[in-house]
Amino acid sequence: MTGPALFMTPERRLDGTDKISGATKYTGDIEFPGALEAAFVRSPYPHARIRSVDAVRARALPGVRAVITGADVGGARLGRRLQDWPVLCWDEVLFVGDRVAAVAADSRAIAEEAVRLIDVDYEELPALLDMEAALRPDAPALHPESASYRFLEGRGPRPSGPHPNHQGYVSESHGGDVDAAFAGAVRVFEHEFTTPRIHQLALEPHAAVVWIVGDRVHVVSTNKAPFTLRDQMAASLGLEPGRIVVDNGPIGGDFGGKGLSTDEYVLYFLARVTGKPVRAITRMADELTAMNPRHASRIRLRTGVDATGRIVAHESHATFDGGAYAAGKPTPRLMVEGGVQTLEGYRVPASRHEAAVVYTNHVPGGHMRAPGQPQNVFASESHLDIIARELGISPLELRRRNLAHSGDPVTSGGPWHGPDLHALLDRAATEIDADRKRGPGRGVGFAIGVRHVGTGSTTITLRLDRDGRIEVTTGVGEQGGGQHTLIQRIVAATLAVDPARVSVRRLDTDSPKDPGIGGSRVTPVHGGAARAAAEALREKLGGRAIADAAATLLEPIEVSVKYDATAADHGACAHAMEVAVDAETGAVRVLEAVVVVDVGQVINPVGLRGQLEGGFVYGLGMALTEDLAVEHGRIRASNLGDYKLPTIADVPPLRIVHLNDGHGVGPYGARSSGELVNPGVPAVLANAVADASGARVHTLPITAERVWTALQAKN
Amino acid sequence: MSDHSIRFRLNGAVVERVVPAERLLLDLLRSDLGKTGTKDGCSIGVCGLCTVQVDGAPMSACLLLATQIDGAAITTVEGLASADGPSELQEAFIAEGGFQCGICTSGQLVAAAALLEARPDATAAEVSDWMMGNLCRCTGYYGIARAIASARPR
Chain A
1 MTGPALFMTP
11 ERRLDGTDKI
21 SGATKYTGDI
31 EFPGALEAAF
41 VRSPYPHARI
51 RSVDAVRARA
61 LPGVRAVITG
71 ADVGGARLGR
81 RLQDWPVLCW
91 DEVLFVGDRV
101 AAVAADSRAI
111 AEEAVRLIDV
121 DYEELPALLD
131 MEAALRPDAP
141 ALHPESASYR
151 FLEGRGPRPS
161 GPHPNHQGYV
171 SESHGGDVDA
181 AFAGAVRVFE
191 HEFTTPRIHQ
201 LALEPHAAVV
211 WIVGDRVHVV
221 STNKAPFTLR
231 DQMAASLGLE
241 PGRIVVDNGP
251 IGGDFGGKGL
261 STDEYVLYFL
271 ARVTGKPVRA
281 ITRMADELTA
291 MNPRHASRIR
301 LRTGVDATGR
311 IVAHESHATF
321 DGGAYAAGKP
331 TPRLMVEGGV
341 QTLEGYRVPA
351 SRHEAAVVYT
361 NHVPGGHMRA
371 PGQPQNVFAS
381 ESHLDIIARE
391 LGISPLELRR
401 RNLAHSGDPV
411 TSGGPWHGPD
421 LHALLDRAAT
431 EIDADRKRGP
441 GRGVGFAIGV
451 RHVGTGSTTI
461 TLRLDRDGRI
471 EVTTGVGEQG
481 GGQHTLIQRI
491 VAATLAVDPA
501 RVSVRRLDTD
511 SPKDPGIGGS
521 RVTPVHGGAA
531 RAAAEALREK
541 LGGRAIADAA
551 ATLLEPIEVS
561 VKYDATAADH
571 GACAHAMEVA
581 VDAETGAVRV
591 LEAVVVVDVG
601 QVINPVGLRG
611 QLEGGFVYGL
621 GMALTEDLAV
631 EHGRIRASNL
641 GDYKLPTIAD
651 VPPLRIVHLN
661 DGHGVGPYGA
671 RSSGELVNPG
681 VPAVLANAVA
691 DASGARVHTL
701 PITAERVWTA
711 LQAKN
Chain B
716 MSDHSIRFRL
726 NGAVVERVVP
736 AERLLLDLLR
746 SDLGKTGTKD
756 GCSIGVCGLC
766 TVQVDGAPMS
776 ACLLLATQID
786 GAAITTVEGL
796 ASADGPSELQ
806 EAFIAEGGFQ
816 CGICTSGQLV
826 AAAALLEARP
836 DATAAEVSDW
846 MMGNLCRCTG
856 YYGIARAIAS
866 ARPR
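Sequences listed follow chains A and B, in order.
Residue numbers for the first sequence follow my numbering, beginning at 1 and rising by one.
Residue numbers for the second sequence follow my numbering, beginning at 716 and rising by one.
What the hints contain is simulated information worked out from the structure, not anything from laboratory work.
Because the structure is a prediction, the values reported are computed rather than measured.
You may find that some hints are simply not true.
So these bits of chain B aren't anywhere near chain A, every CB distance computed over 12 Å [as the list claims (entries may be wrong)]: (1) Asp718; (2) Leu831; (3) Pro835; (4) Arg861.
Chain B stretches covered by chain A per the calculated footprint, using a threshold of three residues with CB under 8 Å from any CB of chain A [as the list claims (entries may be wrong)]: (5) 764-776; (6) 796-810; (7) 816-825.
Glycine included, each C-beta is placed from N, C-alpha and C at the ideal position.
In isolation and in its complexed conformation, chain A is listed as follows (with noise of 0.2 Å):
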């Protein structure tokens, strides 16, 4: 099976075997002789002066070999974007939490002994644990040194709010006059949401392995992209990029939890005072309490239709709780911006967005599947929900008389351009059979869902050998989503060779600059790379056959393509779901679930099918139990029983249906997925408890608790 026919049949993943064998090593797994085990002391206070730290007990325990603290880091701050996070803290802790000392011992007991050795004096500080109160005039900065911080720059410079505790500020209209077009509206509705603080949750926590040899660092990392975490070591450390190498075997999970990296740095200073490999492997405690989790989010919408419904202004407030730093963030305005544009995919000819993240006292917030999308989802789809309902049309007709069509306006500004939102809901409609009249209890729900497709660069080298085979190096990891069987198809099927033929090595960071996973890059970029080197390949071979050209070379000939995606487009989906209501209890059963997507062309079936049916149910724990709560500024669930994830009991029948309208810009028309789904599961949810019950609930998640609640409101 050769060329694009290739991607009908299901692909065998190049990492199958290992993993179903146990034979995987993962950060975790890799033996290190001789190497310590790191443990770090960590702030009981949300907000606190640090007094004294005293690690005398601690250093005098056999198998210790190194205890620091914030005094011996050197002032440095680590982060993606903004470099704003103590490395460990010397004279404030602003989390419950926050690093204040470290330990490197023989074993791990041995290291977690000591840190219960080490006594700091705190004196607690005033903190300021919500979002409206930290940006009140008087509030004080959390970060008055904050414009001495570094920011690493390449994106643009970096960015500025109205109050010192915007870590983030967007402010931006479209389409002209929007408080003109809000006064022609006939009828103006304004609701609030809110979602808390949820965690990522990939069940393999964050490792990592630092040792030093001369004058290079070498550093084994969970990070999903090596090459930025190279460079944020390097600027954060002063140390030439250069001088560091970073490596990374299979990541057991990422969901955007492996974009941020805070152990490395730490261990860096351990590696270097006891001349030893130092490993540290989060504890899950420490990975649900201190580990950037998606921001919780308060959501303000205000809109405004025409006689028939139509959408003729819209406005939004969103503020996002960004924590005690913005480390955890990457994107050059410090923002989640999947939580800027509301009503995205609808025709809005004027609108407004005001979205700012804000420094509180809280675990610091990061990326998680489409930063601040979800939240923006729930929010806007469950306002139109209402207004279709205050309105008296059906919830499906309103989205159909308001969805773009391509090239209307829409709330990103420009012309919509993307798959076909009509196709898609249409479909799920017929798919749920929206029409069908259900029984007292029962109710149906609809949510759109539409996420970039990333842009970005990579370099991708093919080697072919005498014997026909081709080996593929690249930069990029393997974090679970099929990434470098994605690569090998494609190589394989531009080709036209066998995929057992094509092999792929990943690469350190001693290689070309890959930009790693995340931002739904994958596909487009390092599937475009693969594209773009088999045909080099090709065209360097005279167009020949493969088998045949390689029996004729002397040596092994290798095409190197450094490749640019930047074509805009868009993934999207239609989501339908029905729902039984138990009016007693307030108790949600999910019937049945419909999602239908456009992801373009299909590369690999059994991983996007698995991308887009775990992104449900990720999205499906969002909705219904997820919940990362926090009380004085202490996150409750420090385990596994407390943070409730879905099991497999949990999951309800979904059907997932593909429509692909040809004009998806990746390879071969290929389409991004991995953060397509999740984001409006919890919208569709609430909407379909609202259809079924008369509740509806402006809160995640949706528990019985808040479904009864809302339904005693309304009776």
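Take the given structure of chain A and dock chain B to it, following the hints.
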């Protein structure tokens, strides 16, 4: 802390060790015996990453002391394949998309293999019930359910 001699079967082979009383089975497997196929996720017996079979029953290795498996037969993911290669269940996990990142896969396979042995005719609901203790964040479980269904003896 006292030391204890234990003797058990690991994937069919006899293992004899002297272990401190507080040694967890998970650490014995991973650190002492180099069987890193068994993973450490939540460390409190909730996530299922460290599932091993103890005399055929799936259990969390993070909750067992090494001394508790004295005399038992332990099966880890490394013991699921035969000389002929991976089992039908293992291959089904590849074909049906039973994993993506793979970090939970060892535990899923060990639990599912125990299910197929104990209840080969399990219904879909019974499969869900049995597998509920094995979390997966990638697949949404659909691929895992398909893989188990397709590997059931017919």
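ask   = Which of the listed hints are broken here?
value = Checked against the structure, the hints that fail are numbers 4 and 5, while the rest are satisfied.
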